[in-house]
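Please work from the sequences and hints to get the whole structure.
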Amino acid sequence: MKTTYNIIATMAFTALLCACDSFLDIKPKGERIPETAADYKTMISHYEIQKMGETYPIYLTDDCYLPDQAFSSNTPGLNTITPSIKRLYTFDKQVFGDGEDDTFWSSSYSRIFTNNVVIREVMDASEGTTAEKTAIRGEALVNRALDYLYLVNGYAKHYNEATAEADAGVPLLLNADISQTNLTRTSVKGVYQQILADLNEAEGSLPEEISSNAFHATKDAARGLRARVYLYMGNYAEALKAANEVIARHDTLLDLTRYEVLNPAGQIGRTNVPDADANPESIFIKYAPYVFGMSSHVFPSDSLLKLYEDGDMRKVLFMAETFRGKTLPRPIWVPYVRANTAISTPELFLIAAECEARVGYMPHALALVNKLRAHRIKDNGYVSLVDKDSVLNFVLEERRRELAFNGFLRLIDLKRLNLDPRFATTVKHVGDTETWVLPPNDPRYVLPIPQRVMRFNANTMTQNER
6 MKTTYNIIAT
16 MAFTALLCAC
26 DSFLDIKPKG
36 ERIPETAADY
46 KTMISHYEIQ
56 KMGETYPIYL
66 TDDCYLPDQA
76 FSSNTPGLNT
86 ITPSIKRLYT
96 FDKQVFGDGE
106 DDTFWSSSYS
116 RIFTNNVVIR
126 EVMDASEGTT
136 AEKTAIRGEA
146 LVNRALDYLY
156 LVNGYAKHYN
166 EATAEADAGV
176 PLLLNADISQ
186 TNLTRTSVKG
196 VYQQILADLN
206 EAEGSLPEEI
216 SSNAFHATKD
226 AARGLRARVY
236 LYMGNYAEAL
246 KAANEVIARH
256 DTLLDLTRYE
266 VLNPAGQIGR
276 TNVPDADANP
286 ESIFIKYAPY
296 VFGMSSHVFP
306 SDSLLKLYED
316 GDMRKVLFMA
326 ETFRGKTLPR
336 PIWVPYVRAN
346 TAISTPELFL
356 IAAECEARVG
366 YMPHALALVN
376 KLRAHRIKDN
386 GYVSLVDKDS
396 VLNFVLEERR
406 RELAFNGFLR
416 LIDLKRLNLD
426 PRFATTVKHV
436 GDTETWVLPP
446 NDPRYVLPIP
456 QRVMRFNANT
466 MTQNER
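Every number in the numbering used here is 5 more than the matching position in the sequence shown, counting from 1.
Calculated directly from the structure, the hints in this document are not laboratory data. Being a predicted model, the structure only gives us computed values, none of them experimental. Among the hints, erroneous ones may be present.
To be verified - Once the Cα atoms are required to be at most 20 Å apart in a straight line, the calculated DMTMM-like pairs of lysine to aspartate or glutamate come out as:
id	residue 1	residue 2
1	K383	E407
2	K224	D256
3	K376	D182
Right under this line is the structure:
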């Protein structure tokens, strides 16, 4: 039976994200039944489906600084941000109050609902070739896998092989029926197994190349995301294999040393760095929920700023001490570039380098990171190290520099690295009169399940301890 679904209007998600009372906090409306392969492609091509990689969890990390009082009317401070963001930044046990929406959860499950419709029905669509339908279905599988990867890393403990089967993950919905009740949380291991199953099935369905743009998935999109999944699982051999497979075909890096700040006081058009859709590094594109992600919403912390050396164009291009005519006491994050929150070449370089440093050949790890740095830092000299721990630390620091404020990847890295005492981090947010501390492996690293979802599943779903 086909699902009644308004292909355009419903996917605007106003009905899905607001005033919702259902087990997942979503409420789709139906007005039209998709019939052709083109209809289903329209569904997965919609702008709202291209948004992924929530940003607000980054306020839990050591990359962020917020002053007690905003430096200007156009910059953030604890006195101007929303109550939920303030509670995150100060490591409060409660994040969202009654009546506050958690758009990370609701929008993720809204997209999953859409992709489930496509996965279930597109092969029975009229018109379109079998190859076209198979590719559409494969892309929906990749979309679903990526949403679940973000969800399980936001609302559950990090994957730990010793405990993943017992650790509560997130509800795993694989069909288009949102009328279910009494939901339970699938284990972290179960969610990861489904993510890998989706990516593996998608790889067999997708084309090697696409003729349109990187918003549509290819085999390398599935392979690249699989590399990230295996990295998070601590399966470094498989992560290295998947990353190298993609790098063999996609090793282009954007040379940031050739770009410049055009309008130091501006916002849009501040630099000539291209958005993800025009960036040759993009393998599969998703955008943050907000147009320019964290631009002008956060100050880089002292510990993050210290990692950037002179001539590092990531600092020159993406941070500024003058913003909208106001000189600030510290640099603010203002790239105003639409960054890719799915998968791109630099992340794969860093995945491969980390895996080489852990289980492979250290010179390969150094070569990968030095190649990336040559495209980021003016007059960069080759860094040569021989100690294994030094090489690994070098790679991890480069990862932090390169992926700063990209979705909430830093939070995921903190959670996974906290499992290793060598890299465990105590996050400290220092205010004028108070310091807030988040120790390694603290339960507050895990986001709470939305209260409305808990109310609808009070007898079957467990809440995260915080």
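Hints and how they fare:
1. K383 / E407: 15 Å, holds
2. K224 / D256: Holds, at roughly 16 Å.
3. K376 / D182: 48 Å, violated
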